[in-house]
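Chains as they are written, first to last, in the working numbering: chain A, -3 to 561; chain B, 1437 to 1736.
Be a bit skeptical, because a hint or two may be false.
Quick look at which bits of chain B chain A covers, simulated, 3 or more residues with Cβ under 8 Å [as the list claims (entries may be wrong)]:
#1 1495 to 1508
#2 1648 to 1656
#3 1663 to 1672
Examples of chain A residues toward chain B, derived with CB under 7 Å [what the hints assert, rightly or not]:
#4 Asn258
#5 Ile275
#6 Ser276
#7 Gln404
#8 Leu415
#9 Ala419
#10 Ala422
A few chain B residues that don't get close to chain A, going by computed Cβ distances all over 10 Å [what the hints assert, rightly or not]:
#11 Pro1456
#12 Pro1490
#13 Ile1545
#14 Leu1552
#15 Val1599
None of these hints come from the bench; they were simulated from the model.
All values reported here derive from a predicted model rather than from experimental measurement.
In this text, a Cβ means the ideal position worked out from N, Cα and C, and glycines have one as well.
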Amino acid sequence: MKRVNTAAMAVLGVGTILLSACGNSVSNTEGQPVSGGTLLVSFKDDLKTLDPAIGYDTDSWSFERAIYNGLLDYKGFTTQLQPDIAASMPVIATDGKTYTFKLRKDVKFSNGRGVTADDFKYSWERMLDPKTAGPMTGGSFWGGIHGAQDFFNGAATQISGIKVVDPYTLEVDLDTPNQSFLNIVAMPFGFVIPKEAVASAGSDYAHKPVGTGAFVLDKWTPGQLIVVKKNPTYYGTKPYLDEIDAQIGVTPEVGYLRMQNNQMDIPQPDLTIPSAQYISLSANPSYKNRILKTPNVDIWYLAMNMNMKPFDNKLVRQAFEYVVNKANQIKILNGRGVVNNGIQAPPMPGYVPNYNPLGLDANGQNIQKAKDLLTQAGYSASHPFPAQDLVYAKASADSDRLAASIQQDFQQVGVTLNLKGLAFNAFLDITGKPNSTALSYNGWIQDFPDPSDFIDPILTCAAANVTANGGNVAFYCDKNADKLADQARGDTNSAERLKLYQQFQDFIVTQDFPWVPMYSTVETNVAAPRVHGYQLHPVWPFVATSIWVTGSAPSAAPVSASASP
Amino acid sequence: MAVGGAIFIVLLVVIALLAPVLPIRNPNHGYYELLPANGAPLAPGGTFLLGSDPNGRDLLSRIIWGSRTALFIGFVANGLALVVGVTVGALAGYLRGWFETILMRLTDIMMAFPVLLFSIAIISIIERGSVLVIVAVIALFYWTAVARIVRGQVLSLKEREFVEAGRALGGGPQHNLLHHILPHLVPIIIVYGTIGIATSISTESILSYIGIGVQAPTADWGKMVADGQDFMFLAPWLVIFPGLMILLTVLAFNLIGDGLRDALDPRARALFRGVIGGVTAGGAGLAGQRPGLDSEAEPT
């Protein structure tokens, strides 16, 4: 999910290569499912939006996934795509550029109207319309649809590459083949919404969503409570739960305390358990076997801005590769992660376990080599390395601890780092602008399970050539690397394609050094004992459709008075 | 009580001064290798006498080095506040007229600001984490109370015979203020100065606690409480020890101030009870309310 604030999403994927710990319990399935009941969850902050064209964070996605559907979805708790509103998987033309989707005829919006191909054309064009001002407007993943660029420039009023062939057939033409296009279609940006609901809600559609999903929004009291109820007209398998109540303004720390007092079912389901709670829950006999774990499919790295001093000097960037003690960071994360010296995360296809082309030690360091390289770069006792600000997003106390451990590592090579922890939005602002931040501590988590997601938005010239809100925070731009990425994106031979992505990784890690890759994390979550069928999804931040509850509902504590408005 | 407070402060000052030569660990170094694999902080006793934080740093060392931060900011900030406050109060009280009006209205304006809110604004604008900026901000707000007390005193002293005698002998304002009035202000300055240190230290702790005071990795009690907060139930020592140090230090300075007031000027006790009580409450409450100051001593 784009750039990450905290360890956020959950991924299981093809196999848990590195994470055999704890029996890899990925579900709390006990007994026979029963229908009915209310699930109580909590979130720290109010949702930003329930408009699928706008939401690009784990909180919003948790609810969008319950309210809406797209053409495709992931099968169960896997990364394999299957038809959802589409009647079958699309027919792809031999040139790899034309996709034809046949739609189911029994899908209805919760307002009662049937879904047709026109609704998809409307929803997608609205999502890409600069007037909507969503994160996809102007291109990003969807920019490769034929005619999209003319639409962005205002040269066309619609996207010629999105064609309604008949009410239940949608054709999409791409400019160039893109092997991850089906994953893109399955993102929440591709969810279908009814035109009339947008027209009647006006600018407030974000709070008055109408979808096709298993649940419908019943009530949203800003800053306090969100209630969704079972959708009686849902075309798919009905969920067990009648209702989900989400209390807003409850920090994860408070949420976990409430859970242990039977006042909460699942605290902050889209984020991993905070350190202190994780340590105490894993020692608590009632909960230690209930903790769910799965790789997060994220990569945490230091980005060195290639256009700014002193990181315009390749020797400096190379020296930095050898400094960070990555094992310390894993310890701060309570062992919930693995050292990662590459740019892909487990278990993404293309990830290489134990990747270590620079010959780092088990901690991910080689201090002497770093010192030598800094000397070669011209720094010495008489000409010390200039103190740098390490800019990071202050998500929790753990962010400060991780930054402090990096600060200590760099002291060893005579480099002073000043810690600059910022609120997430401020962090995105300052690091996304060119020539604004020299050194920053970043996380990237998958949008969809394809290796292109770890390259195209964060390591290509197109992503560096922006004026604001960039994802390529190192502003890395290399023609040869770009060529490799283009080639890989369209390659239909999947084995060859993965090889190209590995070449790309070697290029970054051993030639140009825009990043210091550090680690990938493991998502952990836990639910109260009365919650059954809870599983972590490889892509979605929270899936409620498999959950059923037994026993009496938790006696919800009143929402704290400090809840933000 | 005051003696107890004094002993505590003397010990604290001696330990703080000796910190660099005491056989303790580097307060800013994380001994990650000593932590268990799940990264849980180590309990007191064993490897670390007062335990460690989740970064593997020695809590004892951090508390000792934190006392340097607290005392430095306490003494320097409050010293500055005293110099400004005494100067403003004495000049206003002695010269009177429009000069007094301007200075005292300025004092009123400064007192009307919510201290904490304004500190946050100033620190965010100027520079986060610089010790000098923190000192300046604390001094900026706490000179006002001194200025009011001193002005009240000067107003009354000015009418006394020995000052009039000085004037009659041709002494100018500078001479009279420095040689006749200032010596009589010394007890108040000492008493208020001591209590002001407590206020400055608690303010500094609060600023660091909310994250705009002293920055990492410098050891600071307020910041230690903030850092340890999320581990409060798992590792209570992370907040108890630094919290206790703030409490004891502030209490000790207040007790000493109380004792000094009794010792130096027993007759003034009744007169100043309201004023000093109010100043303390204003500092501790930080709400910008200083109820006791309504009873400010006017010449009778």
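Going down the list of hints, with the structure as the test:
no. : hint         : verdict
1   : 1495 to 1508 : violated (count 0)
2   : 1648 to 1656 : holds (count 3)
3   : 1663 to 1672 : holds (count 8)
4   : Asn258       : violated (17 Å)
5   : Ile275       : holds (5 Å)
6   : Ser276       : holds (5 Å)
7   : Gln404       : holds (6 Å)
8   : Leu415       : holds (5 Å)
9   : Ala419       : violated (11 Å)
10  : Ala422       : violated (12 Å)
11  : Pro1456      : holds (18 Å)
12  : Pro1490      : violated (6 Å)
13  : Ile1545      : holds (31 Å)
14  : Leu1552      : holds (17 Å)
15  : Val1599      : holds (53 Å)
In the structure shown, a violation is registered for the earlier hints numbered 1, 4, 9, 10 and 12, in ascending order.
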